[in-house]
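Single-letter residue listing:
There are 2 protein chains.
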Amino acid sequence: MDLLKNRIIQDGKVRDGRILKVDSFLNHQMDIVLLNEIGKEFKRRFEGEKVDKIVTIEASGIGIAAIASQYFNFVPVVFAKKAESLNIDNDLYKSSVHSYTKNKTYNVMVSKSFIKANERVIILDDFLASGCAACGLIDIVKQAGAEVVGVGIVIEKGFQGGREAINNLGVKVESLAIVDRMEEDRIYF
Amino acid sequence: MDLLKNRIIQDGKVRDGRILKVDSFLNHQMDIVLLNEIGKEFKRRFEGEKVDKIVTIEASGIGIAAIASQYFNFVPVVFAKKAESLNIDNDLYKSSVHSYTKNKTYNVMVSKSFIKANERVIILDDFLASGCAACGLIDIVKQAGAEVVGVGIVIEKGFQGGREAINNLGVKVESLAIVDRMEEDRIYF
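Chains R and B, in that order, give the protein sequences.
Going by the working numbering, the first residue of the first sequence is number 1, and it counts up by one from there.
Going by the working numbering, the first residue of the second sequence is number 1001, and it counts up by one from there.
The hints are simulated quantities; they were obtained by calculation from the structure and are not laboratory data.
Check before you lean on any hint, since a few could be wrong.
Unchecked claim - Cβ pair distances, simulated, as ranges: (1) B/Gly-1170 / R/Leu-169: 52 to 62 Å; (2) B/Ile-1019 / R/Ile-19: 33 to 43 Å; (3) B/Lys-1104 / R/Val-14: 28 to 38 Å; (4) B/Lys-1040 / R/Tyr-106: 30 to 40 Å; (5) R/Ala-83 / B/Lys-1040: 31 to 41 Å; (6) R/Val-14 / B/Lys-1040: 37 to 47 Å; (7) B/Asp-1002 / R/Arg-44: 31 to 41 Å; (8) B/His-1098 / R/Ser-96: 25 to 35 Å.
Said to hold, decoys possible - In silico SDA-like pairs for lysine to any residue, Cα to Cα no more than 25 Å straight-line: (9) B/Lys-1172 / B/Pro-1076; (10) B/Lys-1013 / B/Gly-1158; (11) R/Lys-102 / B/Thr-1105; (12) R/Lys-13 / B/Glu-1058; (13) R/Lys-5 / B/Pro-1076; (14) B/Lys-1102 / R/Ser-113; (15) B/Lys-1082 / R/Leu-92; (16) R/Lys-50 / B/Leu-1034; (17) R/Lys-13 / B/Asn-1090; (18) B/Lys-1082 / R/His-98; (19) B/Lys-1094 / R/Lys-5; (20) R/Lys-142 / R/Glu-174; (21) R/Lys-21 / R/Arg-186; (22) R/Lys-94 / R/Asn-107; (23) R/Lys-5 / B/Gln-1070; (24) B/Lys-1050 / B/Met-1001; (25) R/Lys-82 / B/Asn-1073; (26) B/Lys-1104 / R/Ser-96; (27) B/Lys-1082 / R/Asp-2; (28) B/Lys-1050 / R/Lys-13; (29) B/Lys-1142 / R/Phe-25; (30) B/Lys-1005 / B/Asp-1180; (31) B/Lys-1116 / R/Arg-15; (32) R/Lys-104 / B/Leu-1092; (33) R/Lys-142 / R/Tyr-188; (34) B/Lys-1116 / R/Arg-7; (35) B/Lys-1021 / R/Phe-74; (36) R/Lys-102 / B/Ala-1083; (37) R/Lys-82 / B/Val-1014; (38) B/Lys-1094 / R/Glu-58; (39) R/Lys-5 / R/Gln-70; (40) R/Lys-112 / B/Val-1014.
Keep in mind that this is a model prediction, so the values were computed, not measured.
C-beta atoms are modelled at their ideal positions from N, C-alpha and C, and glycine is treated no differently.
Please take these sequences and the hints and turn them into a complete structure.
This is the structure:
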C-alpha cells in the first residue's frame, strides 16, 4: 500500500534501531483519512470472504478496526482487553501475551458473549512483530469455536517472526506495509 | 438521543446498583452503525464550532472518537495513554486521574507534539461519572495552550458530580444520554 509506505517514510521515526514510531498518524494521533484508506485496503485484501466480526486488541487496534468495519458491512468490532476491571464480565476467554514494547506479560480477555461458535472473524491490529498479540487473539477466537478468516496488519516488522508464528497456526496474514530492515531514520520495505 | 437511550434500556445491564454495563454495543463490543449515529449527534451538538482536533482517552473512547471525526471534517484524533511504554515520546503532557471502575490512580499522557497552542479541541469519551478522566484531559489541553470547545459524552451518570466538576473548569458538557438513577435492571433517564 504505497500511500501507507510513503507516510511511514515521511513521518515514521526509528528509535534505537528497533522501535518504529508512527504515533503521529497511527497509534497516538490518528489520521482518520488514512485510516479510511487502510480500511478500504483491508476490504480489498479479504474480498469475497464472508466476515461476521472484527476482533482487535486495545488500545491501538481500536480506531483501525472501527473505521475498517465500515468497509465490511459495519460488522461489530470486539476489542480484547488487557487488564481486569470491575465492569467486565467474569465469563471470559483469556490468553497470555507478552508485549515487547511494554516488556511485560499480561492476559488478553474477551467476554464469551461476544464471539460465537462458527462466526467468521477477521483479526486486525496496527503492528505485527513477534506475533504474540495476534496469536493470543487467534487462541481466543478458536476457544470460542469461531473461525479466523485471516489477520490484517497495518505495519509488519518482517524480521521478528510474527508471520511464521501466525502461519504455523494455519492462519493467513495480510500486511499493508512490511518493513524488512530499519536503521536510524531509514526504513526499508 | 432516543436511539441511544432505547439501546441502553434494551441491552444495558446494571451491576451492584452502580455499574452500568453497555459492553455489548459501546465499550467492548462496538456497534459501528450506532457509533456513526453518535458521531452525527456530537456534530449536531457542536454545530457551528470550529474544531481542529478530537482528544479522547484509551481504550473505550478511541472507537467513538475515530468514527465521530468523520463528521468533523476528519480532524485528527489524539488518544491519551494510561501507562508509559517504550515507544511513547518522553516529551509529554501528563495529568493524574483516578478510575473508580479500576480502583486505581494513573497518569494520562499525551505527546506534546500532538496538541498545539490555540488549537480548538473537543474531548470525547464513552462515560462521565465523577469527571476525573475528562478533567485530566482538559488539564492536558490547557497545558498545551489549546482551547477546549467542549466535552462530548455518550453516557453521563448524572448523580456522580462529573458535570459540575467540568463546568467548574469553565467547560461545557454535551451528553447524549443522562442516567439519573439506576436500580437492578432498571435505568431512569
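Hint check:
no. : hint                               : verdict
1   : B/Gly-1170 / R/Leu-169: 52 to 62 Å : holds (53 Å)
2   : B/Ile-1019 / R/Ile-19: 33 to 43 Å  : holds (37 Å)
3   : B/Lys-1104 / R/Val-14: 28 to 38 Å  : holds (34 Å)
4   : B/Lys-1040 / R/Tyr-106: 30 to 40 Å : holds (36 Å)
5   : R/Ala-83 / B/Lys-1040: 31 to 41 Å  : holds (32 Å)
6   : R/Val-14 / B/Lys-1040: 37 to 47 Å  : holds (40 Å)
7   : B/Asp-1002 / R/Arg-44: 31 to 41 Å  : holds (37 Å)
8   : B/His-1098 / R/Ser-96: 25 to 35 Å  : holds (28 Å)
9   : B/Lys-1172 / B/Pro-1076            : holds (21 Å)
10  : B/Lys-1013 / B/Gly-1158            : holds (17 Å)
11  : R/Lys-102 / B/Thr-1105             : holds (19 Å)
12  : R/Lys-13 / B/Glu-1058              : holds (23 Å)
13  : R/Lys-5 / B/Pro-1076               : holds (19 Å)
14  : B/Lys-1102 / R/Ser-113             : holds (21 Å)
15  : B/Lys-1082 / R/Leu-92              : holds (23 Å)
16  : R/Lys-50 / B/Leu-1034              : holds (22 Å)
17  : R/Lys-13 / B/Asn-1090              : holds (14 Å)
18  : B/Lys-1082 / R/His-98              : holds (18 Å)
19  : B/Lys-1094 / R/Lys-5               : violated (31 Å)
20  : R/Lys-142 / R/Glu-174              : holds (19 Å)
21  : R/Lys-21 / R/Arg-186               : holds (12 Å)
22  : R/Lys-94 / R/Asn-107               : holds (6 Å)
23  : R/Lys-5 / B/Gln-1070               : holds (23 Å)
24  : B/Lys-1050 / B/Met-1001            : holds (23 Å)
25  : R/Lys-82 / B/Asn-1073              : violated (32 Å)
26  : B/Lys-1104 / R/Ser-96              : holds (23 Å)
27  : B/Lys-1082 / R/Asp-2               : violated (32 Å)
28  : B/Lys-1050 / R/Lys-13              : violated (31 Å)
29  : B/Lys-1142 / R/Phe-25              : holds (22 Å)
30  : B/Lys-1005 / B/Asp-1180            : holds (12 Å)
31  : B/Lys-1116 / R/Arg-15              : holds (24 Å)
32  : R/Lys-104 / B/Leu-1092             : holds (22 Å)
33  : R/Lys-142 / R/Tyr-188              : violated (35 Å)
34  : B/Lys-1116 / R/Arg-7               : holds (21 Å)
35  : B/Lys-1021 / R/Phe-74              : holds (22 Å)
36  : R/Lys-102 / B/Ala-1083             : holds (9 Å)
37  : R/Lys-82 / B/Val-1014              : holds (23 Å)
38  : B/Lys-1094 / R/Glu-58              : holds (20 Å)
39  : R/Lys-5 / R/Gln-70                 : holds (23 Å)
40  : R/Lys-112 / B/Val-1014             : holds (18 Å)
Checked against the numbered hints above, the structure violates hints 19, 25, 27, 28, 33; every other hint is satisfied.
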